[in-house]
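Visitor: The hints should help you fit chain B with the ligands onto chain A, whose structure is shown.
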Amino acid sequence: MRLSVVDTERCIGCQSCMFACARRLGEGGLASTCIGVRSIGGMERGFKVVVCRACDDPPCASVCPVGALQVRKGGGVRLDAAKCIGCGHCRDACVIGAVFWDDETNKPMICTHCGYCARFCPHGVLSVVKGKNVESAGLADNAGKAEKARKAERVEEAEGAEKDSSPPQAGMAAGAEGPDGGAADATRKAEEVEANA
Amino acid sequence: MLKGDPLANVLYIDLSKKRYRVEQREDLFEKNMGGAGVAVELLHEECPKGADPLSPENPIIFAVGPLTGLFPLASKTVAMFKSPHTGNLGESHAGGRSAVAIRTAGYGAIVIRGANDIPGYVAIHGSEVHFRDARTLWGMRNSFTVGRIIRENEPAAGLRSIMRIGRAGEKLIPYACVTTESYRHFGRLGLGAVFGSKKLKAVVVSGKHSLPVGEGGGGFGAAEYRRVYDQIYQEAVASPVMKKYHDLGTPENILPLNALGGLPTRNLKDARFEGADRICGEALAEHYLGRRLACSHCPVGCIHIAALREPDENEPYFYKTSMISYDYELIYALGSMLGGSDPEGLLKLIDRIEVYGLDAMSSGVVLAWATEAQERGLISDEQTGGLRFAWGDYPVYLEAVGRIVEQPNEFYAALARGVEHAASVYGGKDFALAFGGNEMPGYHTGPGAYLGFLVGARHSHLDNAGYSIDQKVLTKRQVGPDELAREILKEERWRQVLSSLVVCFFARGIYHPETASAALRVAGFDRAPEDLQRIGTEIHSRKYAFKVREGFSFDDLRVPVRVSETPSPVGMLDSQYLQAAVDYVCSDISRTGC
Ligand code: SF4
Ligand code: SF4
Ligand code: SF4
Ligand code: SF4
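Protein sequences, first through last, are from chains A and B.
Just so you know, we're using the working numbering here: the first sequence kicks off at 1 and counts up by one.
Just so you know, we're using the working numbering here: the second sequence kicks off at 198 and counts up by one.
These are calculated hints, taken from the structure and not from any lab test.
Incorrect hints may appear among the rest.
[Stated by the list, open to error] Computed Cβ-Cβ distance ranges for the label pairs, DEER-style:
no., chain 1, residue 1, chain 2, residue 2, range
1, B, H327, A, G88, 18 to 26 angstroms
2, B, E603, A, I40, 31 to 39 angstroms
3, B, P352, A, V95, 13 to 21 angstroms
4, B, E479, A, I40, 25 to 33 angstroms
5, A, E9, B, R348, 15 to 23 angstroms
6, B, E220, A, D56, 35 to 43 angstroms
7, B, G583, A, I96, 55 to 63 angstroms
8, A, I85, B, P253, 29 to 37 angstroms
[Stated by the list, open to error] Partner residues are not named here, just some residues of chain A that face chain B (Cβ under 7 angstroms, in silico):
no., residue
9, D7
10, T8
11, I12
12, Q15
13, E27
14, L30
15, G36
16, G86
17, C87
Note that the structure is a prediction, hence the values are computed from the model and not measured.
Beta carbons are placed, not taken as given, at the ideal position from N, Cα and C, and that holds for glycine.
Same shape as in the complex, but just chain A (with noise of 0.2 angstroms):
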């Protein structure tokens, strides 16, 4: 599974997203957040939703001269912190931005694809689809698509109860997702969801 963005015309730039997604950490604010939403010069235009959009074949993971971006499953990257030394050749090779930064670490900030940030979207810009075919979910503008896409978000919260029970994440300093991070976990447990449903 993986987060798509299904209609960013619908977006109010709330910000939601970006919250829930530092959240997911136990963090407020918007320092580690994986999810950008930015007004396309000037609000009253409307804005764009950057996020990693899980490319099957991912440039960040081709150009880190470290193997720290692994290729996961279903799309996009997973970053194997203890590894990555840093050197921001993911930024630069993500041409949508999606690679956000962590200032503290010093190392990218990349979404993991749990989904968390959908359950607070007040507007069905964002949601959870299944399968690794990219084109026909993301670029998904009417409404049998859209409400399949929602469909698949209510199979996420009907989980959600669970996902907020598991522990609190450790290594939460570490970015979005350290070796033993917890956001790893509810990742894996949201794809489990998907398999049984």
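Guide: Same frame as chain A, but now just chain B with the ligands:
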């Protein structure tokens, strides 16, 4: 408060010396939490008694609260200053990205003192403060353009706030506003003129600080944080009130207020407007709504933006599309109050006022007074420079707004000082609709509204929502002046808590004392609901202490005759009843020791 919470940091900026420093003020935040509570203390500390509001000694204070950046809807910044409009307590709230930006930049409050010798703007990026040259931006006619230029010159897109003034602020009009994120305003009481007097064109704030939660940030903290968060968030997205503000926004209230007979119309000669259905929330949404926006960390998104497409006068197939934010108060002040039912004229006037950076309510009331004054022959065509004010005549109003800003003659210079002043020069006080020196908001609902305007610490309808007591209580049963006064005081005191937590007042139904207390615990503040009530009362009396120090007296309050000439939904206003209620508030406030 939590150890290491950057909330305790107060950033002091001295424009004259181009210096800044940060002080740890745990004392201030422990006692007053944040927002209005902290700002009023800083105002007592920083503003010398009797200070001229347009002099360098008047401080500008911005404060946010412990819940900002942690919980939804704690999205306001409170600004305090001495008001050039009333010569007394100046307080104004705005959202946009400002609150989250200040908090994540690592501050709980910002104090700006002194003045620039040449126009400048201040850019605060985390712990760095830059004093930038703004000579090129000074005098620019369109405040949207100013925003655009600063946006391109500064980093941190999406995580920053740009608070700026327009021409009105530069020209020191005492009801000039400060605009943030193009569509949100520190509106009332003239913060824009205070910026202008300091030759301060804008303040940019951004930051990336993470914010701690819970008992020392330990495991319990994070889980409890998410639990309390989810509860508040769920309530926010499920509540019908919130849905109402998302769907049509505050203009949803136009038709109900009109049906009730409480919508001030043509300078309150009437309280029902026959053209209401053309400018109500439903009509504007159907024909013009182009986008809805939210403040940072607000899932509701009450900001409604109209798209107005206008053909060029000379060139065929050449169009310009303006994006114009509208709200209830703007539709009242620039629509019904001016007898205007042409939605395009209304939107153009809103846009013009936005471009200049004026307070919309004050502007509308001033124009309404001018229209009636000319109708009655108090002012001549010569004085207006040939303009004939007439109800609903938007081309004339558009022209007049420009003149108010540029002040080509004494008459427009008088209008530029507000309705109270204009009426003191030209007469017509009976229909000059200001309370405590501040132009009236859009509620002719009954004595609750008027008592609220009179005794509210900043003479705003939002101080105590007296209009809501009119609609909820007075339309159903009779209430004595003392009981009305007690209700108003109770609400205003509780609102001090909300505005110290900088919770948007639209979320007041969600942040009741228990919820506020639970959220505060996550943020490291142990305050029981009863403690909060007490703190609210204290903050309220600190505000009144400032007012009294600066010469406020209940005896000076003036009630324009007009309000008792037009029937309200609860009947004709009884001025003796109103006076009795004011007297009650006066003695109660003196008792709580200000
Ligand atoms: S971070 Fe960028 S390059 Fe890497 S997988 Fe995500 S979208 Fe692709
Ligand atoms: S910053 Fe880390 S993850 Fe990114 S390319 Fe360099 S080593 Fe690899
Ligand atoms: S899916 Fe998870 S990691 Fe990705 S942006 Fe959303 S909350 Fe953050
Ligand atoms: S939560 Fe949804 S509406 Fe709000 S900013 Fe994120 S994507 Fe946009």
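Visitor: Hint by hint, say whether it matches the structure.
Guide: Each hint tested on the structure:
{"no.": "1", "hint": "H327/B - G88/A: 18 to 26 angstroms", "in the structure": "25 angstroms, holds"}
{"no.": "2", "hint": "E603/B - I40/A: 31 to 39 angstroms", "in the structure": "34 angstroms, holds"}
{"no.": "3", "hint": "P352/B - V95/A: 13 to 21 angstroms", "in the structure": "20 angstroms, holds"}
{"no.": "4", "hint": "E479/B - I40/A: 25 to 33 angstroms", "in the structure": "29 angstroms, holds"}
{"no.": "5", "hint": "E9/A - R348/B: 15 to 23 angstroms", "in the structure": "22 angstroms, holds"}
{"no.": "6", "hint": "E220/B - D56/A: 35 to 43 angstroms", "in the structure": "53 angstroms, violated"}
{"no.": "7", "hint": "G583/B - I96/A: 55 to 63 angstroms", "in the structure": "57 angstroms, holds"}
{"no.": "8", "hint": "I85/A - P253/B: 29 to 37 angstroms", "in the structure": "51 angstroms, violated"}
{"no.": "9", "hint": "D7", "in the structure": "13 angstroms, violated"}
{"no.": "10", "hint": "T8", "in the structure": "12 angstroms, violated"}
{"no.": "11", "hint": "I12", "in the structure": "4 angstroms, holds"}
{"no.": "12", "hint": "Q15", "in the structure": "5 angstroms, holds"}
{"no.": "13", "hint": "E27", "in the structure": "5 angstroms, holds"}
{"no.": "14", "hint": "L30", "in the structure": "6 angstroms, holds"}
{"no.": "15", "hint": "G36", "in the structure": "6 angstroms, holds"}
{"no.": "16", "hint": "G86", "in the structure": "17 angstroms, violated"}
{"no.": "17", "hint": "C87", "in the structure": "21 angstroms, violated"}
Violation of the numbered hints given earlier is confined to hints 6, 8, 9, 10, 16 and 17; the remaining hints are satisfied by the structure.
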